[in-house]
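Enquirer: Here's the letter readout for the chains.
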Amino acid sequence: DTGVSQNPRHKITKRGQNVTFRCDPISEHNRLYWYRQTLGQGPEFLTYFQNEAQLEKSRLLSDRFSAERPKGSFSTLEIQRTEQGDSAMYLCASSLTVGGNEKLFFGSGTQLSVL
Amino acid sequence: DAKTTQPNSMESNEEEPVHLPCNHSTISGTDYIHWYRQLPSQGPEYVIHGLTSNVNNRMASLAIAEDRKSSTLILHRATLRDAAVYYCILRGYGGSQGNLIFGKGTKLSVKP
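From first to last, the protein sequence lines are chains A and B. Here the first sequence stands for residues 1 to 115, where the numbers follow this note's numbering. Here the second sequence stands for residues 1 to 112, where the numbers follow this note's numbering.
Don't read these hints as lab results, they were simulated from the structure. Here a beta-carbon is modelled for each residue, glycine too, at the ideal position from N, C-alpha and C. Careful, some of the hints might be misleading.
As the list claims (entries may be wrong) - Cross-link-like lysine to any residue pairs, in silico, SDA-like; alpha carbons within 20 Å at most:
(1) K103/A - L51/B
(2) K11/A - H76/B
(3) K103/A - P7/B
(4) K104/B - L60/A
(5) K107/B - P7/B
(6) K57/A - G40/A
(7) K104/B - T38/A
(8) K3/B - Q41/A
(9) K11/A - T76/A
(10) K103/A - N54/B
To be verified - A few chain B residues that don't get close to chain A, going by computed Cβ distances all over 12 Å:
(11) S12
(12) E16
(13) P17
(14) Q38
(15) S61
(16) E66
(17) I74
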């Protein structure tokens with residue numbers, strides 16, 4: 001168990017550029033979550049997948065954001081035409097649902113800075 | 001999901017017990033109480049969860065009030081490594097549980 005892996009750890013981009021983040025969950029975890037966190041705030045839910053199906057999306061996930069989880073393994077989060085307000089830590093988590101309350105395991109996040 | 005209320009910050013001395021309170025007066029009968037913590041520059045990590053009975057694990061204890069409208073996370077002997085933001089979260093059981101909704105949490109400082 002190598003934990004949830006996120007790449008890159010840091011990303012600096014110019015406003016208007018597109019960025020893509022990758023998350024590799026713990027193997028065999030069927031659920032994968034994306035959160036966003038700004039300084040001094042708790043993580044805010046963006047979206048989650050069960051296997052390859054995207055089951056829930058937050059209103060925070062504007063049409064510039066898209067997430068995919070092909071084949072139910074790794075996931076990517078793309079932000080198009082980045083804005084300065086997109087600057088945040090993007091966190092990925094995974095879990096295994098076994099019919100009851102599951103624990104989420106978080107990665108260390110990708111810190112995005114939009115200049 | 002029902003809301004929780006936590007103090008913004010707390011201080012503790014190293015090697016002393018810490019009691020972190022959480023109020024959740026609108027909790028429903030099927031809501032579990034989860035605690036996560038977030039160390040500086042890391043993602044949140046699971047600490048403990050419970051439904052009605054008090055729970056213990058290697059990290060902490062969870063004391064749940066009889067009416068379930070409040071709970072307390074207990075760190076028996078705080079260490080400097082326990083300095084973190086602690087989040088109390090309610091989560092429904094079964095079916096499509098959806099996501100965890102985090103509040104601002106309690107920032108715990110531990111003094112040597």
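Enquirer: With reference to the structure, classify each hint as holding or not holding.
Expert: Here is what the structure says about each hint:
no., hint, in the structure
1, K103/A - L51/B, "holds, 14 Å"
2, K11/A - H76/B, "violated, 39 Å"
3, K103/A - P7/B, "violated, 24 Å"
4, K104/B - L60/A, "holds, 17 Å"
5, K107/B - P7/B, "holds, 8 Å"
6, K57/A - G40/A, "violated, 23 Å"
7, K104/B - T38/A, "holds, 11 Å"
8, K3/B - Q41/A, "holds, 16 Å"
9, K11/A - T76/A, "holds, 14 Å"
10, K103/A - N54/B, "holds, 18 Å"
11, S12, "holds, 21 Å"
12, E16, "holds, 26 Å"
13, P17, "holds, 24 Å"
14, Q38, "violated, 8 Å"
15, S61, "holds, 17 Å"
16, E66, "holds, 21 Å"
17, I74, "holds, 19 Å"
Checked against the numbered hints given earlier, the structure breaks hints 2, 3, 6, 14 and satisfies all the rest.
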